[in-house]
Structures are given as structure tokens and as C-alpha cells.
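Residue numbers (my numbering), protein chains in the order written: chain A, 1 to 342; chain B, 1001 to 1784.
Please note: incorrect hints may appear among the correct ones.
Using 20 Å as the maximum straight-line C-alpha spacing, the simulated EDC-like pairs for lysine to aspartate or glutamate come out as follows [stated by the list, open to error]:
{"#": "1", "chain 1": "B", "residue 1": "Lys1762", "chain 2": "A", "residue 2": "Glu319"}
{"#": "2", "chain 1": "A", "residue 1": "Lys43", "chain 2": "A", "residue 2": "Glu10"}
{"#": "3", "chain 1": "A", "residue 1": "Lys43", "chain 2": "B", "residue 2": "Glu1284"}
Since the hints were derived computationally from the structure, they do not count as laboratory data. Only a predicted model underlies this, so the values are computations on that prediction, with no experimental measurement involved.
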Amino acid sequence: MLRLPSFRLEQPDTLPQALALLDQAGPEAAVLAGGTDLLPNMKHELRRPSVVIALSRVKGLTGIAEAADGAIEIGAMTPLAEVAQSALVARALPALAQAAALVAGPQLRQRGTLGGNVLLDTRCQYVNQSHFWRSALGFCLKKDGTVCHVVAGGSRCVAAASADTVPALMTLGAVLEVARHDRTRQLPIDAFFVADGIVNRRLEPTELLTRVRVPRPAAGHRGAYGKLRERGSIDFPLLGVAARLDLSEAGVVEHADLVLTSLAAAPRRVAGAADALRGSAPGHAPAEFETAVRRVAELARRQCRPLPNLPGDHEWRGEMVPVYARRTLLAAAAGQGPVHHV
Amino acid sequence: MGARDRHGIDPPWGEFRHVGQGSTKIDGLAKATGAALYADDLSLPLMLHAKTLRSPHPHARLRAIDSGAALALPGVHAVITGRDLPVRYGILPWSQDETALAVDKVRFVGDPVAAVAAVDEDTANEALKRIRVDYELLHPFLDPRESLARGDPPIHEDRKEGNVSKKVELAFGDVDSAFAGAAVVIEGDYDFHGTTHAAIEPHCVLARYGPDGVLTLWSSTQITHYVHRALSRVLGLPPHRIRVIQPCLGGAFGGKSDPFSLEFCASLLAIRTARPVKMLYTREEVFYAHRGRHPMQMRYRTAAGPDGRLAAVDARILIDGGAYSSYGLVTTYYSGQLLTGPYHFPAYRFESTRVFTNKPPCGPKRGHGSVQPRFAFEVQLDRLAERLGLDPFELRRRNLLGADATTVNGQRVTSNGFARCLERVEEASGWRQRRGRLPRGRGLGMAGSMYISGTNYPIYPNPMPQSGIQLKLDRSGLVTVFSGGNDIGQGTNTIVRCLVAEELGLQLEQVRVVAADTDLCPVDLGAYSSRGTFMIGNAVLDACRKLRGTLVSAVAESWGVDPRRVRFVDGAVVDLEDPGRSLPTADAFQLAEARFDTLGATGSYNTPSLGGDYRGGTIGASPAYSFTAHVVEVTVDEETGRITCERAWIAHDCGRALNPVLVAGQMEGSAYMGLAEALVEEHEVNRFGLHRGPSLLDYRLPTSVDTPELHSLIVESLDPEGPYGAKEAGEGPLHPAIPALSNAVFDAVGIRLQHLPFTPGKVLKALRAAAAERRPAVAAVSGT
Ligand SMILES: Cc1cc2nc3c(=O)[nH]c(=O)nc-3n(C[C@H](O)[C@H](O)[C@H](O)COP(=O)(O)OP(=O)(O)OC[C@H]3O[C@@H](n4cnc5c(N)ncnc54)[C@H](O)[C@@H]3O)c2cc1C
Ligand code: SF4
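Just chain B, same shape as in the assembly:
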């Protein structure tokens, strides 16, 4: 990290004008009025519509495809199969095992096999029905244990490790002796089921291949840059002849952070037909594209001293990856690497194994790889507190990692507001007065967590900046910001506007943001790993600071005053010592342009080198960590087994809250999502290898009446390296929701829920088991 990557935490002009204000989103009005243009709103003359033929089998070899009858159908312009797009891709350079259309095998029900472009969707659908595919059925793997046990038939034939996708074993400190000498050891098995993102906008692309040989792809992606690279690789087109644009996006949550089949298919179809081609997934296809949260079977052992101080943690995790690698390598690392805060423990070992199964491929979902272990671990801690007769808050306070610390796996932690997060939720929930004193059936539970603000590890190793920004200053007083960042609804562009306005003393409407267009914008790596605010924000400050001096000196020179007297504020330039003297910023821009030249600047951000000195030590190493604590209040109906989450308090240390409304939105959305995963959402493949219910009727997302009262409590530990001290808020706040809920159920009715989702049927079984365990004791008492 260069000095220019550290911009301090102070306001640029004495006091913040926009930061901390919670201005409305840059695209809020457009979205609310329907004016916003999403990918499916775009349409071009002569546009064709494309559809995908998918495998009806979970595992099969492709013997032959006959698309003659489809091609013969009037209105059909092109049919492509795997042979037309044989080049493999994958988001990580080390595990490129996908093709846009199946080449020799299909690996899950829904795997793309062929694509058709036709004059309209109905004709394309009709054509799909005429494609004949000859399959040779293979044994489907639906249970990850079976994939672990046998590699025959292999799901990916060129893998040496059978059906194992990735295995990571890491150990830090002397785990075995810590366990041998521990006063208490808590052991437990935990299951995390599959869940998916269910963003409201289905994946959609529009491709155009111009007579100039330039391919333009509008795609509902959260990673324009990687899509750009992948298109170039698979289509064999040089990258300078490809332009990728992300239009307004209707949510992603990690579900649009891989290159997807439709991006390649629509592009090739546009090239082949010389007509624009649109492809919009159905909701069912979105469930097949998936990349949702990995199911994990986890075994944890936690050792502690008699005072509750953690001595060691030992984890074994089996990860069900589905049919392809996607981000699986990172997931496998994250499942262990991200657990080492906000508590200190001196010894740690984990063994994580990801296997392939014949199911839709898993990938990154909000809180990538670490939501599942966090659930298990925070329930372990609750059990430890119970065993030792300690309050769960107290147990956590005894183990605080603190600020400016190094974790057991060598991660550098700078700012840390976790202790304050604990205080806030403890106080707001009335924990001390209420916990343990509520009537049976009602309970409180808590949990904590830590998460990254981006990592120092780009997805393909390279020494270039992770985020770039370009500014153009206009004589009109407008600043146009070109940002590679992907605003997927989280508000990146709103933050960019806020920071530019702050740095250059402008009103918000004087800043326009052009984003996520590879022709116009410098590279940013994309919306993942909660890196946006931190990295793009720093790049913005870098660019603005290069211009500030120019602007100030032009004005100072014109006024003949010391530059220190010149202040940019709210769209004007004022003289600090002569209140009568001021200029509109537009005039200042003109002075500067006349004096220096056309105005513009670039800025960038790159992480410092971080991470432990071992293989995989950089994965999960972040320039700053966010912290979260939750208290969840539940009622349990012991007759129906139904858990109702009544209220949740979420305290989140996001560093400086640049826009508290956006931060609170992320906190509420995260808690909503976590609680939903715990109680109702289930991405499940049935015994036939089919997704149980690939629709928004059967995949149950909570409605407004199912959503508890959510209280967001923002904690601001100003981070020395974040833009004005900001960190992240997009993913961290989700983590504690699920264990806090489980812990609350324990407080309410005395059962431990360790196998997600917490369906009422499971709750009833657990209640019966607990009652059966109690009964002999009751008999003994009444016998005396």
C-alpha cells in the first residue's frame, strides 16, 4: 500500500457536509418511479430472443445432439451447442471446469445443453422442444458423503482427487495439548442446509455485435471486469473488442458474481446472427444458475479453561459444492480462515473438504463461506457459557480479540468496535433484566461475528490496483465520476457521489456517476467480499485529492490569497477570512481549466500486503474487519413447534457510517436474510435429483408479516485505512442472526437446535427428546 492509499479519517474541509447524512440513493427515485432501466428493459431493433435447453438428468454423458428440426423451424436464427463454445471458464483461474453449454457431460438437472436464438421467446421455446439429445445416464451423486467416499463415476473426469473439489487442512498453535489440558471441551455436530440468493431480478443479458467487430454485452452481473475477461477467453475475441455494461441491477447477493452461461450464449448468438440477442432467465433457471450458500456438515470441538477462556478450536467440515467449482476453493478456505475473530484463541485447526455432487453449483452468498461455521461456533460458545454458568455476553467479553491484534491464523486486525457492539445490543434488548426471566416459551439469544472489508487477494493474481476511479470536471460545475464498481442495490454509486461531493465541496446533484461500463470506466474488481465502500471509496479520495490542490491554487491565485484561506463547500468556494468573497464552484472549475488545462484525475486503491506466511494465508486477509453482535428474541409454540422471531437487535461496527441509512438498510436486510435462512428458506434437491421447488412460491422468502421488528444500532470504530474510517456493512451483519436465534430457542424452551433449517417438525422432535430425557429425573424426584 502506498501512502496515497491512506487518506485519514478527517473531513476534508473542517466538517462533514454529506458524510453521515443518509441522503437518498442516487437511483432511488428512478427505481421507485419505474424509470430505472434494468437489463430486461433494454431493447434494440431486430433483436432476437434466446433460450436454453437444459439437462433433465442429474448426471449423464452426452452421446449426440440433433438440432436439425429446431433450426428448420421458421423464425429460428441459430442453434448452438457445447461444441460451439468448448473453452472452459470459471471465476477462479485454478478451477476452470465450466463450459457455457455441456460438451460431453451434464452434471445436474438444469445444466445448459444448447441455446436457440429466434424471433421471439415462444419460437425459441418451441425450437428447444425439437432438439433431440441422446444421453447415457450415469449414477447421480446427491449426498456429499457418498461423493467423499467414492469417486466413481467421477463428476469431473480430469480430477485426480475423485469427487473432491478442494481440501484445506490448516493448524495453528498446539491444538492437541490445548485439548488435553482443557478444563472444558464442548463438542457438537452442526448442519447448514442449502439456501439461495433469490434476488428479485432474474439474470438477463442483451448482446450486440457491431459491424466494427465490437461485442457489447449488457448483463445483470456484479462483476463486469471478470465477465469481460471470461468473454474474451471463451469467445476468443481480444478484450479490446468487448464491452461489458451492467445496467441497473435488481439485487444479487453473490448470485451474479460468476460468469454465467447466458452471457456467452447470447454473445455467440449475436455474433453468429449479426443481430442483437436477449436472454432472460426464468425464475426456475435462476435456481439452476444458483451459486447459493454451500450446505455444510460441521463438527466442532471447543476447548476452554475453567474461567471460560478459549484454549483451542478444532473443526471438520464437509462442504457440498454441487456440480462445479465456482468460488469453491475460496469457500473452502473461508470456512476455516474467517473464524478467528472477534475472539482470541491460541490454537486452531480446521479440515475442510468440498466435494462435487450432481446438484446446482454452490458459490458465494452474502457472508461467503463463513455464515455456516459462525452458526456452529456461536452455538458452541453458548453451550460453553451454559456449562460454565456464565452469561453468554460475559463469556465473549473474556475472549475479546481487541483492536490492533493479530489472529491465530496471522490476520492483522486494526479497528475493532466489537466490545461496543456487545454493549449496545445488551442494553437495547434489556438483556440483563430479561434474559432467563421471560416466561417459558419466550427467550433471548445472542451471538457475535467478524467479517472482511474486501481481501488483499485479487481473483487473478496481478500487481495492478484493485479499484480505479476517473474524474472529469466540467465547465458547468458538474463532476462526472467513472467508477468500475458494480452498484447492485447496495449503494456503491451513492457512496461514490457522497465522497466526491465531500472532497470537492459540491452539492450532491453536481456529481454524476457513470459506473460498471468497461469501455468508459477504469477497472474495479466487482461487488463481492464487501470490498466496495472500502476500496472504491479509497480510490475516490485518491482521485479527488489530486484535483483539490489544482482547484484551490487556481482560486487562490485569482484572489491573490494564501491557498489555506480557500474552502470548497456546498457548491461554492469561499474565502475563510473574507466572508464577502465567494464563487460558484463552476467558476472555480473554469479558473482552474484556464490556468492548468482540461481537468481530470484518476485514483486507485490497492491493499497493503497482508496475511499469514503460509499457503492460503492471504485468503481472508482483509485491510479492515467489521464486527457485529445480535440479540434475538423468540417465542416458541411448544405445541406446533413453530418459532417466531419477535425482535432482533443488530449492532454493527462498520467503521464510519458514510451513509447511515444505507448502513441500516444493509443491517436490516442482512438480519432478515439470516433469520429467513434459519426458519424458512430451503434450497433442496429431492431424491430424484430435482430442485424441490424452483419458484418463489415454494422457495419461501419471508413476507412483511413474517419479518420481526429489527433494531439497527450502528457502531463506528474509525478505521485508520478506510475512507474517512469506513469499513463494510453488506455482509457482516448477517452472521450472528442464525446462532443468536438458536441460542434464543435454548433460552425459551431448553433445546439446542444444531441442524438447519429450524422447521417446526424438528423443533417438536427436539422438544420430545428433551422431555424424554427429563422424565426419569422427574420420576426419581417424585419417588422420594
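Just chain A, same shape as in the assembly:
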């Protein structure tokens, strides 16, 4: 077995304690939620924190609740399995429920948390490897090296944003609640990710993600998630597509959104999707709606070019962009989903 490098383990009981510890340790520390991303990365020596601050004992970070304004608030430490199985989430935020249910496999969803998923590190076939493997390759920009093996001559890491729940949360306009020992801030998830594969999250090393807040969508909200992967379980997305359609009482699309992930370092919103879909009525004029969906799929195809950052055939991933965009929008309209091959 690969060994876990040694570190000091801290297990605070309260949020202030955790924040204080984090403040002291600074960049030397790593936060441990479920550990399903952090621990493999530590074994691969992608991270070597001297202090690991485990959040498992901190009270108040789990649970799914409805706020007074109808927003749905999910504690960062809530296991993905709970998000996936919550009747409230399934009803109000179907795309999120579907995405959470497709993360990894059953065991990992028991351990893995929503917060950890939002903060998942970017992934690349040349970096999610052992230290020996990476040394044999000569390392790369993201860790220990100076070149990129995905984009020859590239000066920027394009490792793929790979969290399944993030595109869903983006279509839902989620807000991240982030705490530091001296303050708390609310960050729209749209502003959270940057196109830098080395670190694609705007989170300071002394900050904790405490909660994800999702405004209650309109009554006619429909959402779905589509996930492309090789196997029916375990695998990270080769492509993730979240779709949102808000229908008026008359069944007309008033608002729409389409966000894709597993392309490059940040998830991508398809520009023009909302305009193309607005005004169409899936129930009343399905042919017209389908035409609009096809137009959006074509927009997605043009805007999203998967890179050979993930293992496998990236050209096929590119071909699947319009297919999954279309299928996911259609599934959302029909109140179905997820779009997944098994």
C-alpha cells in the first residue's frame, strides 16, 4: 500500500477552535472532511501538510435545512449520500440530488462530503499519480515541475475541475458561506472558481467552507444532471452537465442555464443557452423546444473543448458535449434524469 506521510492530527470540537487552529497553522495545514480527495493526494505526495485539521467532530457543520426565506442550506460536512437521499433536495434541487448520487461509488459517498466535493482538487492524468510516477515523468507545472504535458508549451495548468455537484450548484445560483477566525463571507459560487488548474478555488488557506446555501428555485423549476464516465460507478466524470429550466405557470421557459465540467480548470457556463431556451415551451411545443435544445447543444459543442487532461479519448469527450447537453436539457424538461449510461 502507498503510505500516508506523517502529520499532526488536530480534531477540534467547535468551529472557533477549528478556525483558530487554521489561523495558527496557515498554509502548513490541510482541512480534512471525508478525506476521500485529500488522503489520496497526500499519498501521492501532491500535498504534504504538517498539520491536518479534521472537521468530523466540529458541531453544526452537517445537515440539510430549509431557511426562513425558503433557501436550502446544506452544511459543508454533510455526506454526499445524505444529499443524494434527501427528499427535500430531490424535490427542490433535482440536479444537485442527481449529481450527488453519481459521485464516485456508494462507500465514497458515505464518507465524502458536499463541502469536500465543492473544494475537490483539479484532476489530470499526469498529476493524480504516485510520486515515483510523477518523478519518472519529470513532474509538471501543477506540482514540483515546470512544464505541462497536456498542452505542449503551455504555461498554465489545465487540470480538470471534476466535482460533480459544482455545475449543479452553479445552475442553482448557490452561495458559499466561508468563515475565517475573524470574519464570515458569502460568496456566489459563480465567482468562486478560476481557470487555473494549480488552484482553481478562491479560498484562503485560513478559511473554512461552512455551508452551501441554495436559494429556493421557482415553483416551475426543473433540473437534471448528466454524467459521462466509463463505468457505471466509482469513476470521476469525463464530462458533467447540469441543466436548469424554470418554467412559468403556463409552461414557458423563463430562465435556463447549462453548466459543464471536466473540461479544463474551471466549470463552464454555456453562453447564449439561456437566451436560446427562453420563451420555448417543452410541454406545449415540444418540437420547437427541441430545436432550441439542439441550438444550445451546438453552442456547447463550440464553446467546450475537452482537453487530454483526463485519461482516455478526449475527442470522444468532445463529441459527447452536445449529446449530453441535449439529453440533459431534455431530461430536465421531462422532470427526469440523471443522464447516465446505467
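With the hints as your guide, set chain B with the ligands onto chain A.
Below, chain B with the ligands alone, put in the same frame as chain A:
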């Protein structure tokens, strides 16, 4: 083969009590409860942990190694390099080209260079980082075509044939005139990619060198006997001072059938430090140890008459061997020699060339050497059937080899249930009603195959038995069986227990099996070539029959009856003519011990001399052949290119199914593995010479949700030479899975997939190419 190697197919006491029952595995409960002890569960006082330093370069010369800083690290007990273990080894005596640690060159990324023993794994890992190695980089060969074309720089410098590892050319019958006179010739190129075993247990050893000068090695091996020999050779210790034990094993599939670097390194480190040494590979290291399925580039030509009768087969195969020979010589022969059934063809020629490349060494994986050609050939047959407008079953029926036949390359085939296998899958799958009538995107495909039950060719030529068994009978009524066989999860020990209980009329719990310990057990050659049930089974019957007479006569004498009246059954001895008279077997054992002496017996098996009378004619010659037919049902999503295997029907002629549950398990496992290789598994080295993803995340093994419904249909053609008529079930059932899947895709969407793996991207390309071909025709039609 002596008369004692043939034991007939009949039950020893009138009717079978255990055979055919499907009892649970001998170690099933221990495994299920976690009580089973695998190599890594073992631990000894003062045990050290060892780790291996590996080459980061695919091809380089070793200029110097400086391990001073590693040795200076507190907690480090020893560091060894190639100079400490310079003796070459290799599973085959003719191609010993490996050393435990690189001596002057490294030949792939992951080739072992040095080993460290330290107080714990972390210290050993830390020490590895302090070893300085000076490499002179050489041109890496990653493409077998390049290795074939040029031998410079040579991967093995002492080879006369450049980078060619082995070449076999054999021809039988008049191939050229058969092709000249053929009504139909089908030609095609086929690629088989690399795949690996991915047994769930990584390789692990524990070595102890006692003050008595005896080295004991617990190793997760499937070939204790060959490891024993190799250790003696490399360490320079006489074999009687070495003991090799295989603990409970977590799967192997051929991936543990070579001697491996860790076995030598841990042993030498234990000798040097006088402390027990454990070495456990990481999953990544298992991918480097590899010995997986050889990638093959194959060109086939198949000639047939207008009625579909095969006239000739001509094959050219380029085999990518990776960095070392391993079993490559046999692989090269098998790639041609094992194709000559279950169909008869009068002329055959093959040319197979294995080359070295700077990649992890290939070796035997379930269906060694013959899964790849079988894929190509069965797709060829499907294309032939299509060309002639014949049903694929019908085409095969017209070419049946049949029972008691000789193949074109001179192999003797005895029992043969292939025709029945065809019937079973045809019927169960509803082939006649459904094939060709399913909606577009859904299809059925079929294929057949034949495989060996061991071969008559031991890995090192010798006249001794291939399998030995020793029995010890106890006053308690317990029979202890000492078996050299390696139970790697396939159930050899369960079969041994079943056969002993059957022969001596015992209950299963009265039989204990001690296996795969070179100090305690007679030699068996190991778990490979599907030889276990056949050879060990025959040795067991041989041993038991020597004792049966003794036991019966002791009881008959005591009862004063004719021995024919004495029957051993279910742990008791009864008098057939006096139902009131019986004894527990323990009492019978005591009577016999008192009357004759301490009770025990040995038994053995050796194959008859078999095979064609030409160089290589014995390779692949088996005392009995198994037969398989598959029907596979697929759906193809034409928009995503994804193939889903919905169902598979597997009919397998294993001879007598001694334990039908184990047989069905092997059939399902085989089909699962074959379909996985076709669709998702890929052992690939990237353009940098690195394994693409040496982990169980990136090497995609299907999960339960990816696994189709599997229907196992057991066919029993009782073999005259197998134990009670049994043959094999471990490897044969894999073969047809891959071509049947390809043929099903053709039925579903009209494309021929000839280049593995069948990834969705390739399927889409093939669909587009097929559509482009159709388009002009459509235009012409609409123009009229
Ligand atoms: C085999 C395998 C398959 C997987 N497949 C998928 C998949 O299909 N889709 C997918 O999206 N993911 C997948 N994952 C990744 C992972 O399991 C999930 O993303 C999971 O949700 C991560 O949550 P966690 O709680 O385990 O995170 P951790 O590993 O504990 O943390 C992840 C990162 O976030 C930081 N962090 C966590 N919580 C906080 C917090 N509250 N505040 C500040 N920082 C924090 C950690 O320091 C770390 O950097 C897979 C992992 C494995 C091992
Ligand atoms: S994208 Fe380039 S720099 Fe980033 S992890 Fe992959 S190889 Fe490294």
C-alpha cells in the same frame, strides 16, 4: 501414462455422494469472515519491511549506484543492488533473462534497481529516496513494429536476433493450394491490446532465515515449486535448505506464475540481516510486475469452400512481449498451436514473432496466448458466415472437429462436447427466434473455442510426475491430504477434499488439505495451464485407490465377510448384505492400522506422451480439451458509441463437473473478464514510456453495475482420462466472450470491430465510416 493414471469415470462406491454437489469452498468461511491468512497477514517478531527502488526510465544503462546515504539512515538494516543478486532466472530454462535487481541495464519504467530493508515501511521508503543512481539513457522501444524493424540498441545485449524474443513458423498441409482453390477467402487485421490480471491481492512475501540455515519464504505465488527452484539457483542455496509456502491467496489469474523480484530480494535481505523480512507490493508495483496479456497485431486469412467448409487458415502475428521473456516462448507457440479446434481445417500455417519492448513484461493471463488469436479467428468465421449467407451456428456445425480426432497440428482430442455447447447457447439465448430480428441497435453474436487441461510439457523437461499427492490416515478418522497444488481461489483444495471424501467414503469435514508447502507436500507444478483438477485430481485418485484395498480388507477380515460386501459411505463402513452391521470410518482406520501398519499412501499423475512429431509439437498438447460456446447480447447507443453487454450465455464442456458451483463461478468469472477486456480494461504505456494509470481507479475493472446477466450452462462430456471424467473450467470459458461481443455488435449495427478495446470513440468512427460507405448507394437508389 501408466495404467494407474487412468481411473475411469465411475463413482467408487456405486453412486456419487460429493461429486456434483457443489459444496462450499474449503476456505469459503475463513475468507468471508476475515479469518483467512494471506501473506500480508503474517507477521514475525523482529520483522523488517523491505521496499524496492525502481527505474524511472524505460531504457537506460546503469552507470553507478550510491546507496551510502540510504544505509546511513537510522533504522535501515540493509540495502542490496543487482550486484548482490546477479544470477539470472526466468520461468523457462531456455530464456533466463531476468535478474532480481538490474545489473547493468534497466528495461522499463518500474524495473527493480535496489531494495532496502528497514524497521518499517516509511523508513524503507525514505531510504529509497536517498539512493543515487546514475543512468545513461538509451532509446526506448515502445512500438513493437520498431523493435521488429531494428535491433539497435538491443534491449537484451546477448541476443543474436536483435529485439526479437521468439519466432515460430509452422505449417501443416498444403496451405497455398488450399487458398488458390478456395471459393471464399476472408482476410482481416486484428489488434489485441494489453490487459492485466488485476488480482485483488498485491504480491507479498515474508522471508525468514533460521539459525539452522533454512530459508522459509511465504509467498503469494501460484507456483511454489518453480519459486523453490529459482530461489535455489539465484541465492546459491541448496534446495533442501529452502522452504516455500503459499498462504491463502487473493487471486492470481496467471499474474503470480513467474518468480518475482520481491521473492529473491526479501530472501537475501532476510539472510543478510538475520531478521524476518516482509515485502508487499503497492498496486502500482503490481502493474509493473505485470505478466499480463500480450498485445498482438494479427493478420488472418481464412479459406473456405462454397458450403462454408474450412480449407485453410493462415496467420501472421506480431507479439509485444515487453521487457523480458517470461513465458514468451510458450506464448508464441500457443498463439498458433491452440487454434486448431473445435473446428477441423486441413491446412494451417502461422508465423508468430514476439519482440521485446521497453514496457512491463507480458506473460500468461487466463487463456494464455490463445485468447487473442481466438478473437480474430472467430470474427473471421462470423464474416465468412455473413459472406456465404449462413447462420454462424450452421457454419460452425459444418466444421466440427468432433470427438476422438486429431487436429491438423497433430493434437489428440478425446472427449468433445462442443456440439452440445452450441445447442445449449443457441437454445437458451433464443437465437433462432431473435437473431437478426431485434430492433436496430440490439444484437446477438456467438463464438466458440477449445482449451487445454494442462499440457504434457513440464516447464523444465524431466521424467518425474507432474503432480503428487500424499495421504495420511489418522486414528481419529481424519484424512490429511498433502497436495503440492496451488489453490489460488479457483478451488483446487476444495476439489482435493471432494475427491478424497468420495474415494474413501468420508464426510467432507473428515478431510483436511495441507497444500503448497514445499517441506510438507509432494511436488505439483503449479496453478497454470488449467492443469489442476485434471492432474491433481488424478493423483488423488491414484493415492486413494492404493489405500482403499487395505481399508476394505481390514474390515472384511474383521467381519469375516467377502470384501465386495464392504462399502465406505459418508463416514461409515457398512455391510451391503447386512444393513445392521456398520462401523464409523475411524474404527475402520484403526482396524487397518492394527492389521497392516501406519496408514498412508502416495499418488501421482503424469501425462501420456502426446503431441505432433515436430519441433514445438508438444507445446499445447493436452491430455484433454475443454470446449466453450458463447452467445452475447448487446445494445449499441449509436449516438454515444457505447456498447452495453446485456446478457451472455456461456456453455462450457468441463467434462464431469466435480463441483458445479465452482465450475459456474469460473464460467462467470471468465466471461466477466473477457467482456471487461473487450470494453474497458486497458493496460497501456503512454508516449513517455509510463504506464498510463497504474491504479485500480484508472485501470477500469467493471463494477457490479457494469456486469451483464451471465447464464452458465454446464456441459459434461465425460473424459476417459480425467478424474471421474473431469477436464477444466478455469480458462477455457473466457475465450469466446470477446469475439461473440464483436459479432453481436455487427448484428446490432452492422460494423465490424476488429481492434480492441471497443471504446465508444472507435465505435463512433466505425459507424461514421459505415454510414459514409452506405451514402452513395442511398443516393443512387433515390436517384432512380
Ligand atoms: C475512487 C474515487 C472516485 C471518486 N469519484 C468522484 C466522482 O465521481 N465525482 C466527484 O465529484 N468526486 C469524486 N471523488 C472525489 C471525492 O470522493 C469527492 O469529491 C468527495 O465529495 C470529497 O469530499 P471529502 O469530504 O472526502 O473531501 P476531502 O478529501 O476531505 O477534502 C477535499 C478538499 O477540500 C478541503 N476541504 C474539505 N472540506 C473543507 C471545508 N469545509 N473547508 C475548507 N476546506 C475543506 C480539503 O482540505 C481538501 O483539499 C472520488 C474519489 C475517489 C477516491
Ligand atoms: S494540465 Fe499540465 S500542468 Fe496541469 S496537472 Fe496536467 S500536466 Fe500538470
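Results of checking the hints against the structure:
{"no.": "1", "hint": "B:Lys1762 x A:Glu319", "verdict": "holds (12 Å)"}
{"no.": "2", "hint": "A:Lys43 x A:Glu10", "verdict": "holds (19 Å)"}
{"no.": "3", "hint": "A:Lys43 x B:Glu1284", "verdict": "holds (12 Å)"}
In summary, the structure agrees with every hint in the numbered list given earlier.
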